[in-house]
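Novice: Sequences are here, hints too, so could you generate the full structure?
First to last, the protein sequences are chains W and P. So the first sequence is residues 1 to 157, counted in the working numbering. So the second sequence is residues 158 to 800, counted in the working numbering.
Hints in this document: simulated from the structure, not taken from any laboratory. In this text, a Cβ means the ideal position worked out from N, Cα and C, and glycines have one as well. Just so you know, nobody snuck in bad clues.
Covered, in the sense of this in silico footprint (three residues per stretch, anywhere, with C-beta under 8 Å from a C-beta of chain P), are these stretches of chain W: (1) 50-59; (2) 85-95; (3) 104-114.
Mimicking DSS-like on lysine-lysine, the simulated pairs with C-alpha atoms at most 25 Å apart in a straight line are: (4) K42/W to K539/P; (5) K631/P to K580/P; (6) K677/P to K759/P; (7) K569/P to K144/W; (8) K569/P to K152/W; (9) K626/P to K424/P; (10) K692/P to K759/P; (11) K677/P to K717/P; (12) K152/W to K631/P; (13) K626/P to K569/P; (14) K601/P to K712/P; (15) K152/W to K626/P; (16) K670/P to K42/W; (17) K677/P to K722/P; (18) K42/W to K601/P; (19) K424/P to K152/W.
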Amino acid sequence: MKRIYTIVLVAFCLFSGLNTFAQTTPHISEAEVEQRARSVGKSLRCVVCQNQSIDDSNAPLAADMRLLVRERIRAGDRNEDVLIYMRDRYGDFVLLKPPFQPNTYILWFAPMGLLVLFLLWYIVQTRRPKQSVKIAQLSDDEQKRYDALITKIEPKS
Amino acid sequence: MIAEFGQIALIMAMLVAGAQAVLPMVGAYQKDTRLMAFGDRAAIAQFILIAIAFLALTYVFITSDFSVKLAALHSHTNKPLIYKISGVWGNHEGSMMLWVLMLSLFGGLVPMYGKTLPASLKARALSVQGMIGVGFLAFILFTSNPFLRLNPVPLDGQSLNPLLQDPGLAFHPPFLYLGYVGFSMAFSFSVAALIEGRVDAVWAQWLRPWVLLAWSFLTIGITMGSVWAYYELGWGGWWMWDPVENVSFLPWLVGTALLHSILVLGKRHTMANWTILLGIAAFSLSLVGTFVVRSGVLTSVHSFAVDPARGVVILFLLLLATGGALTLYALRAHELRGGPGYTTVSKEGGLVLNNLLLVTAAVTVFLGTFYPLLVETFSNEKISVGTPYFDATFAPVMIVLIAFMGVGPLLKWRVDTWTTVRKHAFKSGLLIAVVGLFVYIYGKSVLGALSMGIAAYLAYSTCIAYGRKIGFGKAGMMRRFRAQPGASHGFFLAHMGMAITMAGVVSMSVWAKEDVQLLKINDSMRVGAYEFTLKAMTPGREENYQYLEATIDIKKFTKKVTTLKSSQRFYPVREMVTTEAGIQVGVMRNLYVGIGDGDSRKGWVVRAYIHPMICWIWFGTLMMALAGFVSLFGRKVKAKETA
Chain W
1 MKRIYTIVLV AFCLFSGLNT FAQTTPHISE AEVEQRARSV GKSLRCVVCQ
51 NQSIDDSNAP LAADMRLLVR ERIRAGDRNE DVLIYMRDRY GDFVLLKPPF
101 QPNTYILWFA PMGLLVLFLL WYIVQTRRPK QSVKIAQLSD DEQKRYDALI
151 TKIEPKS
Chain P
158 MIAEFGQIAL IMAMLVAGAQ AVLPMVGAYQ KDTRLMAFGD RAAIAQFILI
208 AIAFLALTYV FITSDFSVKL AALHSHTNKP LIYKISGVWG NHEGSMMLWV
258 LMLSLFGGLV PMYGKTLPAS LKARALSVQG MIGVGFLAFI LFTSNPFLRL
308 NPVPLDGQSL NPLLQDPGLA FHPPFLYLGY VGFSMAFSFS VAALIEGRVD
358 AVWAQWLRPW VLLAWSFLTI GITMGSVWAY YELGWGGWWM WDPVENVSFL
408 PWLVGTALLH SILVLGKRHT MANWTILLGI AAFSLSLVGT FVVRSGVLTS
458 VHSFAVDPAR GVVILFLLLL ATGGALTLYA LRAHELRGGP GYTTVSKEGG
508 LVLNNLLLVT AAVTVFLGTF YPLLVETFSN EKISVGTPYF DATFAPVMIV
558 LIAFMGVGPL LKWRVDTWTT VRKHAFKSGL LIAVVGLFVY IYGKSVLGAL
608 SMGIAAYLAY STCIAYGRKI GFGKAGMMRR FRAQPGASHG FFLAHMGMAI
658 TMAGVVSMSV WAKEDVQLLK INDSMRVGAY EFTLKAMTPG REENYQYLEA
708 TIDIKKFTKK VTTLKSSQRF YPVREMVTTE AGIQVGVMRN LYVGIGDGDS
758 RKGWVVRAYI HPMICWIWFG TLMMALAGFV SLFGRKVKAK ETA
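Specialist: The structure is reproduced here in structure tokens:
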């Protein structure tokens with residue numbers, strides 16, 4: 001969910017024109033550099049660590065990578081450019097959100113695909129006429145006895 | 158001497174387990190009651206023998222007998238008693254001992270509580286339980302014997318990993334293992350039922366308490382792990398989608414599905430195949446969990462005590478158990494009775510959807526965890542799958558699940574109408590809109606507003622369903638409240654717990670604030686509305702570590718809120734540094750500080766966080782665990798009353 005929020009945030013930055021501003025003028029405020037570096041840093045892996053983002057890690061390399069991200073942002077890179085830059089340097093391994101490419105199709109399609117498949121199967125399964133079960137209608141007499149029993153078990157409901 | 162007693166007990170336990178694996182199964186085929194009854198005795202004997210071995214190992218640790226290699230490697234004389242005891246399972250060999258202890262405990266409980274079970278079913282289940290036992294006992298004895306001696310005897314031990322010297326972690330593995338291994342009951346009884354070719358409501362009703370028990374313990378175990386990571390790793394994460402966390406979450410997801418399908422099987426005699434499959438899957442995934450943690454095939458912040466060679470043996474056991482069970486399933490599943498089926502809009506239908514969605518969620522987590530390994534194996538390329546992936550895939554599945562979770566419990570068994578759904582959907586839509594609007598005004602986030610609205614919808618729907626069950630506001634409400642089976646109260650607690658957890662998760666992912674800065678004494682930093690000031694750095698020492706403690710004052714709009722202390726600890730025996738976070742716990746927000754490296758000249762790294770509603774996450778999950786116990790013991794009380 002954090003990622004979705006980041007996307008919303010990034011999109012907001014993009015559409016509000018901050019981005020074009022950033023590209024034309026390299027001198028953006030330090031507060032903004034920091035804020036953007038944080039959102040980018042969350043999706044970059046500290047490549048020597050065991051499964052930590054560069055923001056969460058205390059390793060020296062993570063610190064270097066954090067500085068590098070800030071440098072790129074100051075140099076006028078958009079957030080995506082920073083990610084591309086880091087990927088060129090460290091490979092796909094650095095991206096905590098795996099890129100969408102042939103070797104990750106299964107990874108990205110399976111969850112939603114499975115969900116849709118399951119829901120379809122459910123609808124087909126439940127709509128199919130049942131051959132085995134036939135529920136006989138109760139006769140009036142039986143219905144009376146049934147009602148009497150039910151009111152005995154569950155009064156006033 | 159004591160260590161040798163333990164060793165002998167362990168060997169005997171393996172032999173007993175071997176007999177337990179074979180004789181009752183033969184007895185069940187030949188309809189020989191004596192051989193079948195042997196299973197009961199063997200199960201109890203196996204438990205007693207393993208308990209003796211485990212106690213012997215604990216004794217070795219408590220008395221710091223460093224002639225035993227394991228104690229020399231993982232204990233130390235100047236460690237507090239509680240960590241000498243928890244040190245027993247704070248390493249590979251000892252944790253495997255704990256694993257088989259739990260396994261034999263569950264096996265030993267079968268004869269005590271299973272007097273009403275069909276003799277052949279019980280014998281076969283115990284035999285399967287014996288097979289698992291023999292596999293893991295052999296694994297311990299041949300590859301990771303905890304009782305190996307050391308010569309010459311070292312003067313002192315190498316101590317326990319300081320990260321593990323913590324009350325939270327001392328009890329995290331036992332609970333987790335009770336959960337993991339508890340699912341062995343579902344596995345054994347599923348396999349036994351497949352061999353018998355018969356699954357019925359009695360089977361389901363007998364097994365359900367065990368699944369509940371395992372599930373509740375697993376929930377507690379995962380919660381403890383999460384809380385521990387939060388305050389011990391020093392950077393305020395409560396869940397990081399780390400492989401080791403994921404593999405404990407997998408059996409939980411599948412176990413949750415099992416819990417619901419076994420309910421349907423017990424009440425409506427349907428979903429037999431599915432329940433069996435989930436029973437096998439839940440335990441297989443627990444084995445996967447054991448394998449991953451023990452082998453280090455996946456890199457993780459949790460990787461201690463790893464050894465690839467041993468991992469291979471566990472992988473072999475895993476393939477044997479899972480492969481065997483699934484083959485049996487493929488051969489026999491069609492013989493199981495199908496049951497009456499279900500309609501699109503009905504309680505059974507809702508529970509089927511619940512199962513499908515939970516399985517989808519589990520598959521997603523499984524893929525995210527193991528995909529990098531697959532890619533690396535087949536193409537030699539390395540990729541990472543981290544939090545952003547799970548946020549994009551797991552979260553939507555959960556949202557759909559929660560949408561169904563609201564309406565499902567309101568439906569009638571067998572058949573209900575779309576009108577029921579429509580009526581509820583209308584009111585819920587209104588509720589989500591109102592809550593969402595309120596949250597949006599306060600929190601300025603569309604995603605947060607929407608998600609909070611959905612959490613509120615779940616809570617509201619749960620209250621409605623529970624209210625109908627107990628006849629809220631009608632005459633005789635108290636009587637009906639008392640007459641409800643434990644499962645009704647369990648349902649309410651668990652689903653409310655889920656809503657509360659969701660509220661916590663949402664606010665943590667949307668509104669959490671953090672900052673990291675270098676601070677000198679009396680420097681301040683601002684995070685949100687709070688001002689953090691580093692007041693002092695005080696050195697000191699304790700029984701087995703030295704520390705440097707930071708005192709940090711926190712103000713909100715010039716009004717002092719609290720003073721927190723965070724320290725860096727240095728453990729000389731292991732030459733390790735750990736961070737102890739300073740936390741002020743609150744209902745609506747936690748304040749969290751962690752101190753890092755530094756010196757008086759350039760300042761110290763200070764991490765400051767504001768965590769909104771983070772405690773709701775754990776409060777909710779503990780409510781879920783409690784729900785399991787209520788569901789369990791509620792039944793007991795009722796049974797006694799009628800008896």
